[in-house]
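There are 2 protein chains.
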Amino acid sequence: MAEEVILLNFWPSMFGMRTMIALKEKEVKYEHREEDLINNKSALLLDMNPIYKKIPVLIHNGKPICESVIQVEYIDQIWSDKNPLLPTDPYQRAQALFWADFIEKKLCVCGRRVWRTKGEELKAANKEFIELLKILQTELGDKSYFGGDKFGFVDIVLIGFYCWFPAYEKFGNFSMESECSVLMTWGKRCMQRDSVSKSLPDPERVIGYVLYLKKLFGLE
Amino acid sequence: MAEEVILLNFWPSMFGMRTMIALKEKEVKYEHREEDLINNKSALLLDMNPIYKKIPVLIHNGKPICESVIQVEYIDQIWSDKNPLLPTDPYQRAQALFWADFIEKKLCVCGRRVWRTKGEELKAANKEFIELLKILQTELGDKSYFGGDKFGFVDIVLIGFYCWFPAYEKFGNFSMESECSVLMTWGKRCMQRDSVSKSLPDPERVIGYVLYLKKLFGLE
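Residue numbers (full-length UniProt numbering), protein chains in the order written: chain A, 1 to 220; chain B, 1 to 220.
Since the hints were made in silico from the structure, they are not lab data.
Some hints could be false.
The list treats identical chains as one, so a pair stands whether inside a single copy or across any two.
Straight-line alpha carbon distances no greater than 30 Å define the calculated DSBU-like cross-link-like pairs of lysine-lysine that follow [what the hints assert, rightly or not]:
#: 1; residue 1: Lys-143; residue 2: Lys-54
#: 2; residue 1: Lys-24; residue 2: Lys-127
#: 3; residue 1: Lys-143; residue 2: Lys-63
#: 4; residue 1: Lys-134; residue 2: Lys-41
#: 5; residue 1: Lys-63; residue 2: Lys-134
#: 6; residue 1: Lys-134; residue 2: Lys-53
These numbers come from a predicted model, not from an experiment.
Using the sequences and the hints, build the whole thing.
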């Protein structure tokens, strides 16, 4: 049976970037459908993700898989013959899942506060954001990638932030290079992979999008 | 090599209950160490979970695994010969992970608001809590367990709420039986398993604990 793979996505989404990268790592051909999240969600999106009504949604042979981290795991399991993403060793696997969960629960939540707040709240968010990145930087250590020598699961979960860093720097008023240079080097290393560079938008475009959102939410 | 399995836990934790149930389902012998979370966390806990400093921590042959959902997956992978908990089919597996994530992200967060808030905030939390339970009830449908005929992963992730329901009812002023009778029947069914009934504390004791916390936080 010919595989039908559709990705419902929205270009600035770090979550959608994860799924795109995983598909590209596995060399899976897929149809990319851009959603208009702000003005007009498609009937297909509402039908395929009735609980959250959010992108990214991966539709594989008509069946939806929701939540980007779960999508990456699913892609790794289905197309297991090429570029394994998660370790097979149960302990290493649990560690990878732990850091993915940390990025989801802590960094994503705090990152939103960096561009959605002002004054003292923004100061606290900036401080926490940098602390969280430093924890991740310590975990990376002197390895090339989070899993060791090979680009893998945790790299995919985190790398979407790389194209958002200039926006965080601009609105949070800090310098990633001076705060987290090791993480920036890791980001540049990841960007040498086609799967990553072809999935991440231009950081200037992300800044423009955040400016648009700040106006929309009355934050400017 | 003899297996050394230690669980750092605190009895009212729904998260710790998940790990206990998974270990019991696999008939793994383990040492249970109760932590004094409020007054005196052990040096072992701080050493084994330096990021969150929280229970439950599963220590297997000296190595820590943190976060209960990840622990259940780990236990399922290590002791794979008995009572499989997660489906092997990638799509079914993705669905199970989706509902576990829903319980983590939505129900656990909202549940906390039911006993930590007052007035209008409490009313909104109650309403959302019941809506979330009804979504889970719809997903359960007329199946015996979330995965079908067999007790499994999503049941383990959710069942800890069962011994907290009387506390939610008391502080949220609603009736689980009239709001979510199908879920209550499922809870009773799960309680017939030794792994569950031996892991969940007496609901009256949970009510006492919540009363204690409310006083501690100045909510009474």
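A quick look at each hint next to the structure:
For a Cα distance limit of 30 Å, the shortest separation of Lys-143 from Lys-54 across copies, 27 Å, qualifies, whereas the shortest one inside one copy, 34 Å, does not. In this homomeric assembly, Lys-24 and Lys-127 never come within 30 Å of each other (Cα to Cα): the closest approach is 35 Å inside a single copy and 42 Å across copies. When the C-alpha separation of Lys-143 and Lys-63 is checked against a cutoff of 30 Å, the pair qualifies only between copies, where the shortest distance is 21 Å, while the shortest distance within a copy is 37 Å. In this assembly of identical chains, the alpha carbons of Lys-134 and Lys-41 lie at most 30 Å apart only when taken from different copies (25 Å versus 37 Å within one copy).
Proximity of Lys-63 to Lys-134 under the C-alpha cut-off of 30 Å is restricted to the inter-copy arrangement: shortest distance 23 Å between copies versus 39 Å within a copy. For the homomeric pair Lys-134 and Lys-53, the shortest alpha-carbon distance between copies (18 Å) is at most 30 Å, but the shortest distance inside one copy (33 Å) is not.
In terms of the numbered hints stated before, the structure departs from hint 2 and from no other.
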